[in-house]
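Peer 1: Sequence:
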Amino acid sequence: MARVRRRGRVVGAALAAAVLGASLAGCSSTGGKRAEEERAAQTAGGRAAVHTPRWTVAMVTHSGDGDTFWDIVQKGAQQAADKDNINFVYAHDKEAQRQSQLVQSYIDQKVDGLIVSLAKPDAMKDVVHKAEQAGIPVITVNSGAEESKAFGALTHVGQDEGVAGEAVGEELTRRGKKQALCVLHEQGNVGHEQRCDGAAKTFKGHLEKLYVDGTNMPDVQASIESKLQADPSIDAVVTLGAPFAPTAVKAREQAGSKAEVDTFDLNAQVAGGLKDGSLGFAVDQQPYLQGYQAVDLLWLYKYNADVLGGGRPVFTGPQVITKDDAAALQDYTKRGTR
Numbered sequence: 000m001a002r003v004r005r006r007g008r009v010v011g012a013a014l015a016a017a018v019l020g021a022s023l024a025g026c027s028s029t030g031g032k033r034a035e036e037e038r039a040a041q042t043a044g045g046r047a048a049v050h051t052p053r054w055t056v057a058m059v060t061h062s063g064d065g066d067t068f069w070d071i072v073q074k075g076a077q078q079a080a081d082k083d084n085i086n087f088v089y090a091h092d093k094e095a096q097r098q099s100q101l102v103q104s105y106i107d108q109k110v111d112g113l114i115v116s117l118a119k120p121d122a123m124k125d126v127v128h129k130a131e132q133a134g135i136p137v138i139t140v141n142s143g144a145e146e147s148k149a150f151g152a153l154t155h156v157g158q159d160e161g162v163a164g165e166a167v168g169e170e171l172t173r174r175g176k177k178q179a180l181c182v183l184h185e186q187g188n189v190g191h192e193q194r195c196d197g198a199a200k201t202f203k204g205h206l207e208k209l210y211v212d213g214t215n216m217p218d219v220q221a222s223i224e225s226k227l228q229a230d231p232s233i234d235a236v237v238t239l240g241a242p243f244a245p246t247a248v249k250a251r252e253q254a255g256s257k258a259e260v261d262t263f264d265l266n267a268q269v270a271g272g273l274k275d276g277s278l279g280f281a282v283d284q285q286p287y288l289q290g291y292q293a294v295d296l297l298w299l300y301k302y303n304a305d306v307l308g309g310g311r312p313v314f315t316g317p318q319v320i321t322k323d324d325a326a327a328l329q330d331y332t333k334r335g336t337r
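Residue numbers (numbering that gives the first Met the number 0): 0 to 337.
Derived by calculation from the structure, the hints in this document are not laboratory data. Predicted model, so just to flag it, every value in this text is computed and none were measured. Don't take every hint at face value.
[To be verified] Once the Cα atoms are required to be at most 20 Å apart in a straight line, the calculated EDC-like pairs of lysine to aspartate or glutamate come out as:
no., residue 1, residue 2
1, Lys257, Glu224
2, Lys274, Asp323
3, Lys249, Asp218
4, Lys333, Asp66
5, Lys249, Asp275
6, Lys274, Glu252
7, Lys93, Asp125
8, Lys93, Asp111
9, Lys301, Asp275
[Stated by the list, open to error] Each pair of labels, with its calculated beta carbon distance range:
no., residue 1, residue 2, range
10, Met216, Ala326, 49 to 57 Å
11, Gly151, Gln100, 16 to 24 Å
12, Tyr210, Lys124, 23 to 31 Å
13, Gln132, Glu94, 38 to 46 Å
14, Gly151, Ala327, 38 to 46 Å
15, Gly276, Ala90, 36 to 44 Å
16, Asp330, Asp107, 36 to 44 Å
17, Asp70, Tyr210, 23 to 31 Å
18, Glu94, Lys249, 26 to 34 Å
19, Gln228, Ala304, 57 to 65 Å
20, Asp121, Asp275, 40 to 48 Å
21, Lys109, Val306, 20 to 28 Å
22, Ser104, Gln228, 41 to 49 Å
We put the beta carbon where it would ideally sit given N, CA and C, even for glycine.
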């Protein structure tokens, strides 16, 4: 497996080890090696590697339609579910109240575990408490690390958005940037504010926020283009999601700007942009790992009452990725796991 060179501030990720002993897989005349090989073959074929009950785990996120980031999260969750004999179901809504209603519907269905994102935590607080009161274990992912424990979740899996922002500010400074534009595509998302605020904290230059309508890409492009035309001193544009990076590149080209475009998150397009130089760097929070770990941790809790984190979040990022790293990651992005 290709090794990826790590740069900038990297927060270590705690990985859940979910391998059972021979008592679950059956005895093997050649010992543990054959048992492990059999479990690996089963998992690769989409079959469970364990014989625990078929629990149902529901994930409800704040994703809008067509958000490729959450496609990667789902892929990780589904592969962990296949391995763990979990029936995995997924629902999403960008509107916090409707997201809360979806969570309530799964509580009413008496699912065995819940995974939720807390982009707008105030709207989710009561329903997460209801899940806890109903005896349904909850793990939060991606956003809401600060609120997760107080709301009654077992743990949080994701990155600290403020720390991720600080990594961006440090990288912009290292690159000699002076005037940065931080593009927020979802107003009211606390994680997005924390990213920009974190970048402003460590960036030695000046950082300005630009709010755009993330559901309307032509509007996103027009807003960035207009800002770059109005202020030629902007030498860096930071988008807060991988799907917005190519749009920012187009805006830069139309504006005749030389600003570097950088982004949070990674996908195949971003990896290609890093490789061809149209993008400067990306900050990866490893969404596949967020989905995979969340399902795996619920399985561990149901099977063995295990809880990772010790009351603190389980971090999956940030990792600063540049052109030097892109080639090693391209194959993974193409298969939809990075």
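Peer 1: Does each hint fit the structure? Answer for all of them.
Peer 2: Each hint, compared with the structure:
Annotation: proposed proximity of Lys257 to Glu224 holds, straight-line Cα distance about 12 Å (limit 20 Å). The hinted pair formed by Lys274 and Asp323 meets the criterion: a straight-line CA distance of about 8 Å does not exceed 20 Å. For the suggested pair Lys249 and Asp218, the alpha carbons sit about 12 Å apart, so the restraint of at most 20 Å is met. For the hint pairing Lys333 with Asp66, the CA-to-CA distance comes to about 16 Å; that is within 20 Å, so the pair holds.
With a C-alpha separation of about 15 Å, the suggested pair Lys249 and Asp275 falls inside the 20 Å cut-off, and the hint holds. For the hint linking Lys274 to Glu252, the alpha-carbon distance of about 18 Å falls within 20 Å, and the restraint holds. Under the criterion of a C-alpha separation no larger than 20 Å, the hint pairing Lys93 with Asp125 is consistent with the structure, at around 18 Å. Between Lys93 and Asp111 the alpha-carbon distance is near 24 Å, which puts this suggested pair outside the 20 Å criterion.
Of the pairs offered as hints, the one joining Lys301 and Asp275 is violated, with about 46 Å between alpha carbons and a cut-off of 20 Å exceeded. For the hinted restraint 49 to 57 Å between Met216 and Ala326, the CB-CB distance of approximately 28 Å leaves it violated. A hinted range of 16 to 24 Å holds for the C-beta pair Gly151 and Gln100, which are about 19 Å apart. Here the CB-CB span from Tyr210 to Lys124 is close to 25 Å, well matched to the stated 23 to 31 Å.
Between Gln132 and Glu94 the Cβ separation comes to about 24 Å, which falls outside the hinted range of 38 to 46 Å. Remark: the range hint 38 to 46 Å for Gly151 to Ala327 is upheld by a beta-carbon distance near 40 Å. Checked against the hint of 36 to 44 Å, the C-beta distance between Gly276 and Ala90 comes to roughly 39 Å, which is consistent with it. Checked against the given bound of 36 to 44 Å, the beta carbons of Asp330 and Asp107, roughly 42 Å apart, stay inside it.
In this structure the supplied range 23 to 31 Å holds for Asp70 paired with Tyr210, their Cβ-Cβ distance being about 25 Å. Here the CB-CB span from Glu94 to Lys249 is close to 28 Å, well matched to the stated 26 to 34 Å. At about 58 Å, the beta-carbon gap between Gln228 and Ala304 stays in the expected band of 57 to 65 Å. Between Asp121 and Asp275 the CB atoms are about 42 Å apart, so this pair conforms to the stated range of 40 to 48 Å.
The beta-carbon spacing between Lys109 and Val306, approximately 22 Å, falls within the hinted interval of 20 to 28 Å. A beta carbon spacing of about 47 Å between Ser104 and Gln228 agrees with the range 41 to 49 Å that was offered as a hint.
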